[in-house]
Structures are given as structure tokens and as C-alpha cells.
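First to last, the protein sequences are chains A and B.
Just so we're aligned: 57 in numbering that gives the first Met the number 0 is position 58 of the first sequence, and the numbers increase by one with no gaps anywhere.
Just so we're aligned: 222 in numbering that gives the first Met the number 0 is position 223 of the second sequence, and the numbers increase by one with no gaps anywhere.
Just so you know, the hints here were simulated from the structure itself, not pulled from any lab data.
Take these hints with a grain of salt, some might be off.
Said to hold, decoys possible - Partial pick of chain A residues on the chain B-facing surface, computed with a CB cut under 8 Å:
(1) 50
(2) 52
(3) 53
(4) 58
(5) 84
(6) 88
(7) 92
(8) 94
(9) 96
(10) 100
(11) 102
(12) 107
(13) 110
(14) 161
Beta carbons are placed, not taken as given, at the ideal position from N, Cα and C, and that holds for glycine.
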Amino acid sequence: MSWAIEINNLNVWYSDKHILKDISFKVPKNIIFAIMGPSGCGKSTLLRAMNRLLELNPNAKVKGQVKINGIDVYNDNVDITWVRRQFGMVFQIPNPFPHLSVYDNVALGPKLNGLVKNKKQLDELVKHALQQAYLWDEVKNDLKKPASMLSGGQQQRLCIARALALKPKIILMDEPTANLDPVASSKIEELMLELKENYTIIIVTHNSQQAARISDYVAFLYMGKLVEVGETSTVFTKPRHELTEKYVVGKIG
Amino acid sequence: MRWSVKGMKVFYAVLIFFTFTSLIIIAGIAVSLITVSSPIFMKYGLDFVLKSVWNPVTEDYGILPALLGTLMTSTIAILIATPLAISLAVFSSEIIPQRFRSFMNSISDLMASLPSVIYGLWGLYVLAPILHNYIMLPLHNYLGFIPLFSTKPTPTNLFTAGVLLAIMIVPFASSIVREAYAAAPYNLKEAAYSIGMTKWEVTKITLGYIKSAIFAGLFLALGRAMGETVAVAMVVGNVPNIPKSLFDVGYTISSLIANQFPNAQAYEYMVPALYGGATLLFLVGLIMNLVGLYFVRKVMIKS
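The following block holds chain A by itself, in its conformation from the complex (with noise of 0.2 Å):
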């Protein structure tokens, strides 16, 4: 079987805090899978791993492996930008570049990637993207308009579709839902259901209903520590560590 994501030891510092502990998982593909645990776990770290965000941070430091198509994205050789690309990445607050257009905020990608050939190539991505994210019919007469413009969970929308817009095959998405209202998050859960046939969803969640309601494998951390990982619903009815169970049925979190 090949895998969408295979982790191999991976370990974290900020400074001299061990922040992410020697942590290994693989993650098959097309399918959602949900990294669960209460906050400060190092959820988001393990996300911003994957696609080398952490190097954002310059006190932050990386041990161990994390291969796509079987290559080690910290492998010397790798070209950094070329890593975020193989991802698209949606964050907690909806952070579309406000000042640029709902149009621009999708095609700024692909543009500067240079996966399109020409403006009728890049129409035609934008609107796709903007289709996949189910948000076409609420802004094709406003693409000209600032992303700033557009509601909360629109927004998010919107910045789904910019990642879709890189063509990636991995979408990591890090508490998508929390800046949202009910209504809105629901259409986000609607959303990746429908996007896992053709991509592998990585979520970071802090509730573990929702983990329970959309993914199909589920990884469990607990500071730091990964502690538990398997099929969501084995996960959740038979769970191996006395810890998961305490933190699903809300103990602790």
C-alpha cells in the first residue's frame, strides 16, 4: 500500500523544549485523518511539520523524517517551496490576503507556481477551485471585490480554495472550524467529505466530536506523545490506551 504521508521519528524543539516526541505514523490515502488532543499537545506543530511551516519559527528545530511519494521533505536536497506546494494548508482564523481581490487571493498561487499557461488556463482553475470549495455561486459576481468583503465562513471557503488552486495532494487544515459559527462549520465538515475522493485530508482538531464525525483514521497526542492511532471508529469503541478513553469521553482536555 502506499501512503499519502509516512512519519518516521519525528522530534521538535522550540529552543531547548522537546515539544513533539519522537513521533511515527503513516496515513493512507484519500481518506480524512484527524490529529485529536487537548491544546498545547503540539498538534499544530505536527501539522506545520509536515509542510516545513515551522521554519517560520527561527528558534524551532526538526528531527526525523517526513516523506511524501516516498521522498524526506527535509531531505538537503528539497527545495522548500516545492514542499508547501505539494501541500495546501487552511488555517484556524480565516486569513485570506484581505487587500487582494476573491479572485487574485486564488489565482496569486498557481500564478506564482507557474501552473498556468495563460489567463483563459487561469480563469478556468479559479473558478474550479472556487467550485470545489462550494463557493462559486456566492461570489462569481463579486471575483473583482476584496477578499475582505466576504464573511467569516466564506472566508474560509475562500482560503480552501486557494490551496485547492495549487493542485496538491494533501490538504492540511488546522482547526478549521473553530472561528466559526454552527452553520458554517457544518458546510466546512460537508466540504471535506467531499473533497477526501480526491485528496488526503489532514485535520488538527481540540474537539473530539468532531474527529468522531468526519475522519476515518484518527491520531491521538497528548503532550507531546503520540499516544494512540488507528481507524476512528476502533478509536473511539475500543480504545487501547486508558489515556484515549479518558480523553474521548472527556476526562480530560
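Assemble chain B onto chain A, guided by the hints.
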């Protein structure tokens, strides 16, 4: 210790007193500018603004050369200062190693607060000869057919004043850009890097995001350039003629006032004439500051 109700009342009274004092002083300045300058406007009307003459003997005054000089020197200054200020801000926030950053910013802030007479002295004895020999003369000799460079330059002229002003306002303008750059949200940068942008591309998008703050900084700096007096008076040439090129000697309103006030009392209309210049400067400065503040407010609403 908590303040008693009475203590709070006294505190507010003191606050209100000082607030109103400064407001009254500003209003007072505006009123005296208008009343003292009114005779010159009554006598010459718009001619005072549109005529080029400065003859105390015949009591003929027109402010146009100085007004043009002010606009020209500050335009030169802002054109040169804009790329420098933005580059300096980006350099000190992105490129220079973290541990030198605060040192460098302190130097830049120190430059912004240096007394302008120091800039004037340096401008007169160091900058002016260098500009004259290595920039203005070659430009005039080889490109003198272009009207901008057509005058045979002397070391002190409008161009020298503009360059000196640029040097003076760069630290101020760049500190505003720097603050805005630092205040750009971290998640904006994360978004930019996450779609595979290079450091340079992220810098560009961040600069786009703080566009309003950059405009604000530049307009506030322009206001400063227009009001700057001593340093300009030392290098501008102080001749009231309509500038025919960049390298012409000239005057600015503030250097005119600084140079002429000692003898102004001797003439009937010179004091009103200087006040008239001051009124114009006040108006232009006010407009620049209002435009600058408009952009600052736009930035604050956004964040």
C-alpha cells in the same frame, strides 16, 4: 490605592484644563496668522500668491517663488525618500539578523530626532560639494539639454535642499513603515508561505497589505519636509526667483521667513507678508497632515 471620587474630579478638571489650553493655543495661532496677514491680502489680493517679486523698498511682495520652492524641494525629497524609507524598513525587519535589529532601529530613530541645524551644517559643507561635483555638474554637462538640468548648478540650490530633506525624513518615514510592517498579522505571512511563496514574494504581499500605512508615513514625512526651516535655509540659496530647473537657486517659505524676519519690522508690509507666507504654509501643512491621518485611520480600521 484607589482614588476617591473627589480626587477623580480634580484629575479630570486638570486634564480638561490642559487639553483646552493646547486647543486654544492652536486656535490662537490660526487667528493671529489670519489677522496679521490680512493687510497683505487686502493690498495685493491673489497677486500676493501669484506674483514673483520681493522688493522691500517699494513694498512689493509676492510669495510665488518661495511657494514653488517649498513644493519643489519637498517633492524632490519625497521622491528620493520613498524608495529609501521602504527599503530601510524592509531591510531592518526582514534581512538584518535579529540581534542587530534593535541597534539599527535605535540608530534610525536617533537620526530622526537629530537637531536639524546639524543636518544643515553637514549639508552645506559635505553634501552640497559632493552633489555639486559628482551629480549635478555631470548631469548638467551631459544632459543639460533636458530642461530639468538646464541651469549651471552652484553647490547650494533647490536640488541640494531636496536631497538633504530626503535624508532628514527617511528615518521618520521608515519608522512608520517599519511599525506597520511589524504589525502585519502573522497568519498573513503563514498563508503566503503556505502557498509556496519565496521570502521576497511574501515581502511584496506584506507591503501591499500595509499600503495605507506607507502612504500615511509618506504624507506625514512630506508635511515635515515642507515645514523644515533651518537646514533648508542653509543650502537652498535664498534667492527669490521662479525656479527654472532643478539646479536653480531658490527659496522656500520657511527659509524666507527665517531670513527676512530680522528686518521685517522696518517696513510697513513685510510682517504681514511673512505672516501671509506662514498662513499658506499652515494650510498646505494642514492638508498634508489630514491626508496622512486619513490613511492612518484606514490602517487602524483594518486591524
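Handout entry: Interface hint status, residue 50 of chain A versus chain B (Cβ within 8 Å)
Key = holds (7 Å)
Handout entry: Hint check, residue 92 of chain A versus chain B [nearest Cβ-Cβ separation less than 8 Å]
Key = Given a least distance of 6 Å, the restraint on residue 92 of chain A holds.
Practice task
Would you settle whether the hint for residue 107 of chain A is holds or violated, based on the nearest Cβ-Cβ distance to chain B being less than 8 Å?
Solution key: Because about 7 Å separates residue 107 of chain A from the closest Cβ in chain B, which is inside the 8 Å limit, the hint holds.
Exercise for the section: Closer than 8 Å between Cβ atoms is the bar; does residue 58 of chain A clear it against chain B? Give me holds or violated. Expected result: violated (10 Å)
Exercise for the section: Would you settle whether the hint for residue 53 of chain A is holds or violated, based on the nearest Cβ-Cβ distance to chain B being less than 8 Å? Expected result: violated (10 Å)
Practice task
Hold the hint about residue 94 of chain A up to the distance rule: shortest CB distance to chain B must be less than 8 Å.
Solution key: holds (4 Å)
Problem - Satisfaction of the residue 52 of chain A interface hint, Cβ to chain B closer than 8 Å - result: The hint holds - residue 52 of chain A has a Cβ within 8 Å of chain B, the shortest such distance being about 6 Å.
Problem - Hint check: 8 Å Cβ-Cβ cutoff, residue 88 of chain A to chain B - result: At about 4 Å, which falls below the 8 Å cut-off, the nearest Cβ of chain B leaves the hint on residue 88 of chain A intact, so it holds.
Practice task
Closer than 8 Å between Cβ atoms is the bar; does residue 96 of chain A clear it against chain B? Give me holds or violated.
Solution key: holds (6 Å)
Exercise for the section: Identify whether the interface hint at residue 161 of chain A stands, where standing means a beta carbon of chain B within less than 8 Å of its own. Expected result: holds (7 Å)
Problem - Hinted contact residue 102 of chain A with chain B - closest CB pair below 8 Å - result: Constraint on residue 102 of chain A not satisfied, violated at 15 Å.
Handout entry: Interface hint status, residue 100 of chain A versus chain B (Cβ within 8 Å)
Key = violated (12 Å)
Going through the hint list in order, the structure does not satisfy hints 3, 4, 10, 11, 13.
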